[in-house]
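Protein chains in written order, with our numbering: chain A, 1 to 175; chain B, 176 to 350.
Any given hint could turn out to be false.
SDA-like, lysine to any residue: derived pairs with alpha carbons at most 25 Å apart [as the list claims (entries may be wrong)]: (1) Lys328/B / Leu78/A; (2) Lys123/A / Lys194/B; (3) Lys151/A / Asn167/A; (4) Lys341/B / Ser38/A; (5) Lys153/A / Lys219/B; (6) Lys344/B / Lys151/A; (7) Lys145/A / Lys86/A; (8) Lys151/A / Ser62/A; (9) Lys86/A / Tyr317/B; (10) Lys153/A / Thr262/B; (11) Lys328/B / Asp81/A; (12) Lys86/A / Ser62/A; (13) Lys194/B / Glu332/B; (14) Lys44/A / Tyr317/B.
Because the hints were derived from the structure by calculation, they are not lab data.
Number of protein chains: 2
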Amino acid sequence: MSLLELITSRRSIRSFSSKLVDNEDLLRILNAARLAPSGGNRQKWKFICVTDPKTLRMVKNSSPGFYGDAPAAIVIGLEEDDSSDKTISLLDIGFTAENILLAAHSLGLGGCAIASFITQSIKRVVNSPDNFEPILIISIGYPSKVPKTPKKKTLFEIVYLNEYGKNWKIAEEFT
Amino acid sequence: MSLLELITSRRSIRSFSSKLVDNEDLLRILNAARLAPSGGNRQKWKFICVTDPKTLRMVKNSSPGFYGDAPAAIVIGLEEDDSSDKTISLLDIGFTAENILLAAHSLGLGGCAIASFITQSIKRVVNSPDNFEPILIISIGYPSKVPKTPKKKTLFEIVYLNEYGKNWKIAEEFT
């Protein structure tokens with residue numbers, strides 16, 4: 001599939017089959033995460049790949065936004081120091097998380113980015129030190145149900161040309 | 176190119192040829208941005224595509240982090256209300272920006288994510304209302320110089336299995 005086909009057909013997956021995910025595929029996904037850009041190439045991220053069923057259940061139980069029995073999850077967190085710019089760090093997590101979602105989809109897997117979890121709980125579950133802050137959890141597994149495309153705004157609604165509010169005529173025809 | 180090849184070969188581009196970017200390609204890139212996931216599918220983003228040379232020069236002059244004479248730039252901003260969760264919004268901008276960077280690369284173009292700019296200046300340049308907050312600027316153009324891969328941490332350094340600090344043996348062999 002081309003990149004655009006991948007991007008177009010990717011859905012947030014919240015129902016998974018019981019089939020386990022190969023370690024090799026998890027490492028391919030994590031490698032895609034590793035190669036994402038980061039502000040000043042700082043790479044302040046750590047990825048905790050959770051496949052142990054007991055740990056996974058505790059991650060789920062700490063995450064109201066975690067739907068479906070995914071056989072794996074990746075907890076992405078930041079290890080920052082006082083000099084870190086939080087805005088840039090969050091953008092970095094977004095870059096790397098999108099690589100994870102696209103890489104999973106390219107391997108026939110699926111997942112969902114989950115921001116709704118109890119931070120202190122997750123920290124306890126993965127036994128992390130104080131300076132590690134979990135930011136996003138990505139569920140990973142084989143989709144058992146692929147939802148329809150959610151309603152997306154059109155290009156014409158979200159794109160302006162050169163100036164705020166100035167519509168780009170050809171954007172209307174594009175979609 | 177496969178997704179992994181795209182992710183692996185993408186570089187942050189800071190030197191551009193003078194060749195202009197087709198509108199069609201800009202719209203393809205913006206369409207990839209449009210299809211990124213967002214928390215609760217909120218899509219609180221707007222994309223101002225800047226190709227007018229005068230506006231572009233003003234964007235550059237307001238952005239210490241903008242390197243190279245890119246013939247186009249995309250100013251990504253948020254339109255939030257009081258109920259918005261800023262962390263989630265910033266993650267959303269990261270998702271969509273990574274789609275932009277990958278889509279540009281897949282079309283033979285390149286760019287760089289720029290977070291270092293003077294917010295008030297950019298708002299004036301693109302004539303935006305108060306509730307629009309520019310978050311990230313992406314330069315877009317044909318690369319005239321592709322830098323070497325910056326030093327990236329290994330998988331073994333950034334990935335743990337099930338628990339913080341617990342190395343995953345096979346991650347060492349993977350890289």
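Cross-check of the supplied hints:
1. Lys328/B / Leu78/A: holds (14 Å)
2. Lys123/A / Lys194/B: violated (50 Å)
3. Lys151/A / Asn167/A: OK: Lys151/A and Asn167/A at ~21 Å, within 25 Å.
4. Lys341/B / Ser38/A: Holds, at roughly 24 Å.
5. Lys153/A / Lys219/B: holds (10 Å)
6. Lys344/B / Lys151/A: violated (42 Å)
7. Lys145/A / Lys86/A: Violated - the C-alpha atoms of Lys86/A and Lys145/A are around 36 Å apart, more than 25 Å.
8. Lys151/A / Ser62/A: violated (29 Å)
9. Lys86/A / Tyr317/B: violated (31 Å)
10. Lys153/A / Thr262/B: holds (22 Å)
11. Lys328/B / Asp81/A: Holds, because 18 Å separates the two Cα atoms, which is no more than 25 Å.
12. Lys86/A / Ser62/A: holds (24 Å)
13. Lys194/B / Glu332/B: Distance of about 40 Å is beyond 25 Å: violated.
14. Lys44/A / Tyr317/B: Measuring from Cα to Cα gives roughly 29 Å; hence the hint is violated.
Hints 2, 6, 7, 8, 9, 13, 14, counting from the list given before, are not met by this structure.
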